[in-house]
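Student: Please take these sequences and the hints and turn them into a complete structure.
Chains as they are written, first to last, in the numbering used here: chain A, 1 to 446; chain B, 447 to 843.
Fair warning: there could be bad hints in the mix.
Computed list of lysine-lysine pairs in DSS-like fashion (alpha-carbon distance at most 27 Å, straight line) [unchecked claim]:
#, chain 1, residue 1, chain 2, residue 2
1, A, 376, A, 295
2, A, 323, B, 457
3, A, 323, B, 808
A few chain A residues that face chain B, going by a derived Cβ cut-off under 8 Å, partial list only [to be verified]:
#, residue
4, 107
5, 415
6, 440
7, 441
Over 10 Å on every C-beta distance to chain A, these chain B residues come out as not near it, computed from the model [claimed, not checked]:
#, residue
8, 489
9, 545
10, 570
11, 612
12, 666
13, 668
14, 705
In short, the hints are calculated from the structure, not lab data. Where a beta carbon is used, it is the ideal one built from N, C-alpha and C, also for glycine.
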Amino acid sequence: MDNTGLTRIFTTIGVIFGVTATVALGIFLTSTTSPTPKGKASIRWCVDPNPIRKEQIKLFESRHPDISVINDPGAEPQRLLTQLAGDVPPDVMALYDPQTIRLFAKNGVLLDLTPYVSKYNIAVDKLYPALEPYVYHEGRIVGIPENCGPFVVFYNKKLFREAGVPYPKPGWTWEECLDCARKLTKYKYENSRRIPSQKGLFINNTDWWLLIWMHNGRLFSEDGKRCLMDSPQVKKGIRFWADLRLKHKVMPTASEAQSMAPTGAWGSDALLFRASMVAMTLSGRWMSIQYREQKDLDWDVVSAPHGPNRVTLLASKAYAIPKASPNRAEALTFIGHLLQRDNQLLVSNYGDGIPANSDSTITKAFAYNPDYPNEKNNQLHLDEMKYARVQEFSPYINNLDVSAIMAVELDKMWLQQQSPDAACDVIAKRINAIIRRNLANPNFLD
Amino acid sequence: MNNAKTKPVEKRTSARRRETLAAYGFLAPNFLGFLAFTSIPVIISLFMSFTHWNIFKSPAWVGFENFSSLLGFHHEDARLVPNDPFFWQYVYNTVYLMIGIPIGMMGSLLIALMMNQKLKGIVFFRTIYFLPAVCSGVALLILWKYLYNADIGLINQMIRSVGGALYSSPATGLMTTVLLAIFFGLTMIGCVALIMLLVMYICSRLGLQWKEGIYRVLLIAFGSGVFIAIGAYGGAVHSAILSFISTPPDWLGTVQWAKPALIVMGLWGGLGGYNMILYLAALQGVPSSYYEAAEIDGAGPWAKFWSVTWPMISPTTFFILVMSIIGGFQSGFMTANVMTGGGPAGSTTTIEYYLYQTAFEKFNMGYASTIAWVLFGVILILTLATWKLGGRVVTYE
Chain A
1 MDNTGLTRIF TTIGVIFGVT ATVALGIFLT STTSPTPKGK ASIRWCVDPN
51 PIRKEQIKLF ESRHPDISVI NDPGAEPQRL LTQLAGDVPP DVMALYDPQT
101 IRLFAKNGVL LDLTPYVSKY NIAVDKLYPA LEPYVYHEGR IVGIPENCGP
151 FVVFYNKKLF REAGVPYPKP GWTWEECLDC ARKLTKYKYE NSRRIPSQKG
201 LFINNTDWWL LIWMHNGRLF SEDGKRCLMD SPQVKKGIRF WADLRLKHKV
251 MPTASEAQSM APTGAWGSDA LLFRASMVAM TLSGRWMSIQ YREQKDLDWD
301 VVSAPHGPNR VTLLASKAYA IPKASPNRAE ALTFIGHLLQ RDNQLLVSNY
351 GDGIPANSDS TITKAFAYNP DYPNEKNNQL HLDEMKYARV QEFSPYINNL
401 DVSAIMAVEL DKMWLQQQSP DAACDVIAKR INAIIRRNLA NPNFLD
Chain B
447 MNNAKTKPVE KRTSARRRET LAAYGFLAPN FLGFLAFTSI PVIISLFMSF
497 THWNIFKSPA WVGFENFSSL LGFHHEDARL VPNDPFFWQY VYNTVYLMIG
547 IPIGMMGSLL IALMMNQKLK GIVFFRTIYF LPAVCSGVAL LILWKYLYNA
597 DIGLINQMIR SVGGALYSSP ATGLMTTVLL AIFFGLTMIG CVALIMLLVM
647 YICSRLGLQW KEGIYRVLLI AFGSGVFIAI GAYGGAVHSA ILSFISTPPD
697 WLGTVQWAKP ALIVMGLWGG LGGYNMILYL AALQGVPSSY YEAAEIDGAG
747 PWAKFWSVTW PMISPTTFFI LVMSIIGGFQ SGFMTANVMT GGGPAGSTTT
797 IEYYLYQTAF EKFNMGYAST IAWVLFGVIL ILTLATWKLG GRVVTYE
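Tutor: Right, here's the structure in full:
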């Protein structure tokens, strides 16, 4: 046999082997993708990979042995959109802000849960009224929040004691807070350089809402067609916020914050607080997960300070079911379970917010957790729900456009390249220009 | 007789056909992949640039609306303002960051010249200089983020400690100020001289007349001007240096310093990277007989470089320049995403990062496609211009 003949034989064998291997691999992968035993439905739950999810799944599966849940970690809108566009939708997905919920609902992606409320025992009537933007879209129920968190002030009791400052009391004002923060701000000298060793207060750059609301300011008009950032009420709030950092110097600058606890990641404020670099920080109950880890950290919570208006920011997330979910009934069962007592207490006792279900049997059990006897002020989180408000959005401008404009112009304010009033004027002008364009051309509306 | 002649011809023809078929067979998978994952999406993106598409719904035709929103201007309070001010700010940022390209190219050439020496252990040095190119980009960015930290960063700590030591006594302080002023003055003169040399070189390649006398007069006038200015503002120079040393800049936290800081960081990683390897290969490809001939003609090291090395490596320089311009316009995503978040005040956001935000954070695929096509247009025009100019300056053997 010559070389050509041998080559042909080897080529044929190679092709047959390649095709067989590919087919075999395909069959193997197809048969192993669904680990669900026969007769048992499986739902895919797209949500952040919090360690508590495993416990939640365990609890649900113990109540519903015929349904298994797979935690698909991550629920970023990009991820969800790709899955939806690829026709492999999750069964239950987390949506983290009201505008995303509106975007998904408006584009017909979300299942209207209204007809299923009674059949699947979804306790919508027990949800706090402040959570409405996470629940309804044009009168239809599209999302179910599992937990939430009104912003409160976490304070380091040890630093208060050392500075001889009395612990703050619920219902305190911003003036009182500023007074405390001044007393709790300390400096040290390093090679004759005066650098801050401790700051009184920390507020994240994106959590300025309550400062404008306290002066009865609003970011958008009621109909969402105008940005009111240039209104005197909003300017007053932004001026106060800027003064905390630039005039009174009780809040660390971005650069100081990074030097005190170098990280650019989520939770840098938690690190500052955990390292006793800031005495007070404005945040939600989810931070207690981190603070509990630090055994020597003596902390407590107090209500968010108020101005002329008593108000605080509310954060939550809602679970929704895509219309195209292949396991609708099971997904509805799961959603209904999320608002049940056991699950509500499991999640909130873990520290990830407070129960979204305001039923008294749940809130009573939440108010005191014997596993964490030092946390005596849990009731405060519940009480703050009276003043809690979800951040505003306009249906006529993408939130990311708003954030981008805010970030750029407020950065200039922090760098003292423009005054707070000028920043407010520019922000209003730029946001209104986009709203006008979007209104003029509906193609630009989501 | 005829049969005997035609048989080998037939054999050859069928062998050629088989070879052709095999060639197409090998090309097909890549070509199909290119068609499916590159060509078709590129063509679709051109269509998308004329639509508004948020993925949920079918694309809605908006004509040139995206282009006018991106590139157009309108009157506001009797002032002409861009419809999308972000875009123009980010174009400026992208172009600013490209200042690093010529500096990087010069540095790469310098290092390649050093690495081209026949020294013991030169391979070790080549490896060291190439190391940043093979390190994880994200890890390096985080490292630089700490280096640039205003308070605890190594760079500022060094500035403070070295500056503090130098200015601990009036004598050393004064001497440092004078030396630094001379250094900055000479650097400025050097930069001007380099630009003038470049102009001279291009003029000579294009056959244009250049008056050397004018060049000298300009350089002397500029140099004198710089030193007179430094002398006149001696006090100001001294206090500026002192203030810089006592309060070094917040490199990534201020609009003025963020971009220069990123350029310096890019230079660190880029000098010894792939450009150095390309230059090294080009330098090793220059025949030694040319240098021998130049030596016989009495050429010194500078003359040898200018008359032999530089023209011989000009195709490589041209290639690096074109690729760097293309890369420069397509860069900035990782830095913005990992290191700066595009801030402060959007000063480190590039077109590439803006494109990503528009497409994958705002889901405005139509507008993002418009940005991509405008970017493509800019790159195409610049590449063609470079090609046109470069073709006249580059020497091909």
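Student: Each hint should be assessed against the structure and marked as holding or not.
Tutor: Status of each hint after checking the structure:
1. The suggested pairing of residue 376 of chain A with residue 295 of chain A holds, with an alpha-carbon distance near 16 Å, which does not exceed 27 Å.
2. Straight-line distance between C-alpha atoms of residue 323 of chain A and residue 457 of chain B comes to about 64 Å, which puts the hinted pair past the 27 Å bound.
3. Among the hinted pairs, residue 323 of chain A with residue 808 of chain B is consistent with the structure: their alpha-carbon atoms are about 22 Å apart, no more than 27 Å.
4. Evaluation of the residue 107 of chain A hint against chain B yields a held restraint, the C-beta minimum of about 3 Å falling below 8 Å.
5. The interface hint given for residue 415 of chain A is met, as the beta carbon of that residue sits about 6 Å from the closest beta carbon of chain B, less than 8 Å.
6. Hint status for residue 440 of chain A: violated, given a least beta-carbon distance of 10 Å to chain B, over 8 Å.
7. The closest approach between the C-beta of residue 441 of chain A and any C-beta of chain B is roughly 6 Å, which is under the 8 Å cut-off, so the hint is satisfied.
8. The non-interface label for residue 489 of chain B is consistent with chain A: the shortest C-beta to C-beta separation is roughly 19 Å, beyond 10 Å.
9. The Cβ of residue 545 of chain B lies farther than 10 Å from every Cβ of chain A, with a closest approach of about 22 Å, so its non-interface assignment holds.
10. Distance to chain A confirms residue 570 of chain B as a non-interface residue, since its nearest Cβ pair spans about 33 Å, more than 10 Å.
11. Under the 10 Å C-beta cut-off, the non-interface status given to residue 612 of chain B relative to chain A holds; the minimum distance is some 14 Å.
12. For residue 666 of chain B, the requirement that its beta carbon stay farther than 10 Å from each beta carbon of chain A is met, with the minimum near 39 Å.
13. Here residue 668 of chain B stays apart from chain A, with its beta-carbon at least about 32 Å from theirs, past the 10 Å limit.
14. At the 10 Å boundary, the C-beta of residue 705 of chain B stays outside the reach of chain A, the nearest C-beta of that chain being 14 Å off.
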